[in-house]
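2 protein chains.
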Amino acid sequence: MNIESMVIETAKQARKASIEMAECATPQKDDALIRIAGLLEAESAYIKAENLKDLERAREMGLAAPMIDRLTLTDAVIRQMADGLREIKEMKDPVGTMTQTWIRPNGLNVSRMRIPLGVIGIIYESRPNVTVDAAGLCFKAGNAVILRGGSEALESNRALAEIISRALADAGLPEKAVQVISVRDREAVNYLLSQEEYIDLIIPRGGEGLIRFVVENSKIPVLKHYKGVCHVYVDKGADLSMAEEICFNSKVQRPGVCNSMETMLVHTAEAAEFLPQMAERFKAAGVKIKGCPETLNHVPFAEPAVEADWPEEYLDLILAVKIVDDMDEAIRHIAAYGSAHTESIVTADYQRARDFLRRVDSSVVLVNASTRFNDGGQLGLGAEMGISTSKLHAFGPMGVDELTTTKFVVLGNGQIRT
Amino acid sequence: MNIESMVIETAKQARKASIEMAECATPQKDDALIRIAGLLEAESAYIKAENLKDLERAREMGLAAPMIDRLTLTDAVIRQMADGLREIKEMKDPVGTMTQTWIRPNGLNVSRMRIPLGVIGIIYESRPNVTVDAAGLCFKAGNAVILRGGSEALESNRALAEIISRALADAGLPEKAVQVISVRDREAVNYLLSQEEYIDLIIPRGGEGLIRFVVENSKIPVLKHYKGVCHVYVDKGADLSMAEEICFNSKVQRPGVCNSMETMLVHTAEAAEFLPQMAERFKAAGVKIKGCPETLNHVPFAEPAVEADWPEEYLDLILAVKIVDDMDEAIRHIAAYGSAHTESIVTADYQRARDFLRRVDSSVVLVNASTRFNDGGQLGLGAEMGISTSKLHAFGPMGVDELTTTKFVVLGNGQIRT
Chain A
453 MNIESMVIET AKQARKASIE MAECATPQKD DALIRIAGLL EAESAYIKAE NLKDLERARE
513 MGLAAPMIDR LTLTDAVIRQ MADGLREIKE MKDPVGTMTQ TWIRPNGLNV SRMRIPLGVI
573 GIIYESRPNV TVDAAGLCFK AGNAVILRGG SEALESNRAL AEIISRALAD AGLPEKAVQV
633 ISVRDREAVN YLLSQEEYID LIIPRGGEGL IRFVVENSKI PVLKHYKGVC HVYVDKGADL
693 SMAEEICFNS KVQRPGVCNS METMLVHTAE AAEFLPQMAE RFKAAGVKIK GCPETLNHVP
753 FAEPAVEADW PEEYLDLILA VKIVDDMDEA IRHIAAYGSA HTESIVTADY QRARDFLRRV
813 DSSVVLVNAS TRFNDGGQLG LGAEMGISTS KLHAFGPMGV DELTTTKFVV LGNGQIRT
Chain B
453 MNIESMVIET AKQARKASIE MAECATPQKD DALIRIAGLL EAESAYIKAE NLKDLERARE
513 MGLAAPMIDR LTLTDAVIRQ MADGLREIKE MKDPVGTMTQ TWIRPNGLNV SRMRIPLGVI
573 GIIYESRPNV TVDAAGLCFK AGNAVILRGG SEALESNRAL AEIISRALAD AGLPEKAVQV
633 ISVRDREAVN YLLSQEEYID LIIPRGGEGL IRFVVENSKI PVLKHYKGVC HVYVDKGADL
693 SMAEEICFNS KVQRPGVCNS METMLVHTAE AAEFLPQMAE RFKAAGVKIK GCPETLNHVP
753 FAEPAVEADW PEEYLDLILA VKIVDDMDEA IRHIAAYGSA HTESIVTADY QRARDFLRRV
813 DSSVVLVNAS TRFNDGGQLG LGAEMGISTS KLHAFGPMGV DELTTTKFVV LGNGQIRT
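So the sequences go chain by chain: A and B.
Add 452 to the 1-based position in the first sequence for the working numbering, that's all there is to it.
Add 452 to the 1-based position in the second sequence for the working numbering, that's all there is to it.
Bound-form chain A, shown alone (with noise of 0.2 Å):
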């Protein structure tokens, strides 16, 4: 069989196995998760041995030291896959719940009922742990999902997938329910792309690189996320001290991750009483500061910013930082530069805070908080699928919810139109 044609019997077998998903009841899609996750640890030996051979040939082929660390799969990661499991059992099934129900005045009883939304084709690089992850919650909203890691990862995801069929099979539902891709050509997404027929969703989960290449080639929805350059604002007549620890969570914490902050923008009110020890602060736990010509008057070892500094995603101990005249200026710098990702504003203002949550285009917006909170967990979504910064069905964290949607349902006694 040509690659051509094994993608997309794939689909067509995955549409097959999302109509038995969606049929499924909680306590049957819950036993499954269990299972899967007990025989993920039943099996690590196996995981481990599969996972080798993906990490002989990426030594062989020279793969960067971080990225075979990513690749590497231990009895922890393995423990921490099936506990991901377990937790998302734990979370509330959104399928067959009414979102809103209301009576028209011929009679008719007009509801929205969450429902699948069928196949979901996961485009993923490196890190195994996502054909887990993604595989499970997929389930529990009902769905069936094709997996496509990296050619990297193909042995341990192939086994991974393996492992989660046998599961499914065990809880009478459909092995099909979970497939791999896993032939090393690149064509084998081009095709994976143009079964709009059959797979409803796309998410490209990976570098910037990756994410442009699904969404100019893909013929089917894509939900997608290119990166994060989130603003803390530090607004005039704001705590101060509150200012420093939102700001210094926001950078310092997890800099390497999207929701870290990467530009600070200071009233200029309050630049010379919070910079200097602000920029202390961050000195001392190692953070460059590329500063705005005022910020330099503040921070004398910052170096100045350049216009490619406002746009950029450092993901780094770095920061870029610029003082503005007021919050409208805040807010046009945000529209200008940033990625509508995560925007917090430090306050004690009551107007300007409810003018910036409205104002502020983007997925999350704080007020008096980290932008370290725009992620599935921490605003009590459970696990997610990553965070959209596209606004077409999600906006902000995905989570089992939005791997479903709504459609209507009409109850009658005989009304007809007329």
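You can trust all of the hints, since none of them are fake.
Since the list gives no way to pick out one identical chain from another, each pair is judged satisfied if it fits inside one copy or across any two copies.
Subject to a maximum C-alpha distance of 25 Å in a straight line, what follows is the list of computed PhoX-like cross-link-like pairs (lysine-lysine):
1) K679 / K468
2) K468 / K671
3) K464 / K679
4) K735 / K688
Since the hints were made in silico from the structure, they are not lab data.
With chain A held as given, fit chain B onto it using these hints.
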């Protein structure tokens, strides 16, 4: 300026206008809708004169009479457009409303706030009234809109958009919140579909060819509707006089629209009693019946249905009829041949009503009501932007809420992540 630069400039202007639109309060948007309605009526002579240019060109080019009919703007059509805007004015403004809210253990108050999508591109054929209806709905939800109508309606659409822009400016809203791409070249559409940086959503309205073209070429998310192959299933034990009324209404009330019934499925136990009388009534109304072999036993004047009849959207006084052994067979038939649009069951059985609603994977599923209720106005959403048969973002009729998305809004008092 070449076409590509012109389209990019239009998209940039729309993005800019969308930021102003998003911040507009409800009374200002409502005032604009009323002003547009008034100006359309006041300028009806001008609109008809511009429309005449399109009509003359259409006659020269030999356009078919029904097409010319749809293209013609009379005083009555202009009044309808104006009244449509007055109805949209009465709808609830979704922007700024909170759809959910909860508290996290650390005291963070998390909500989801409805916000406009941003810039919506609408690509449509023929009817110039779409220009006004679509713009009105997009404005109500705080969006800017770019319109690309059929080249046969170019002068009409340009005139309508010009009037809308003037009324927007009178109301203090950005006049670039509505723009028409008014070059005849097809390549303008391709350029439009590539402006993912500035445009958030594309809605194509027209024939299947147009929609497929848009889906295949768009880098921007698309909300679409291919076709409506709608079914009514008459269950064992159904109230047969209710079934007759519902089936007749579903097929005959307006056969040329997407929510009319195309295939009637009848439980074998009811066929002998139900079909002969039902078929006579259809025959009297001019409906041609194409039946499965068993149907032919009950309806001597039916033609035999062929495989190609089951997925067919007749949009005409033609009906396919199939007798099924049970509801499972009906659901399998719908899954195999339906278009995920609208399906109805006529039944007296509680459990089967419940199962049909749950298991049928269509945008609107009804019990004991006509398929003709799949319509934004009929279901209580008010004016609509068409019916989506794909699942992402919107599934079913798209009202003003579907022209928005939600962002997360988080209120803290100094929370940081530990």
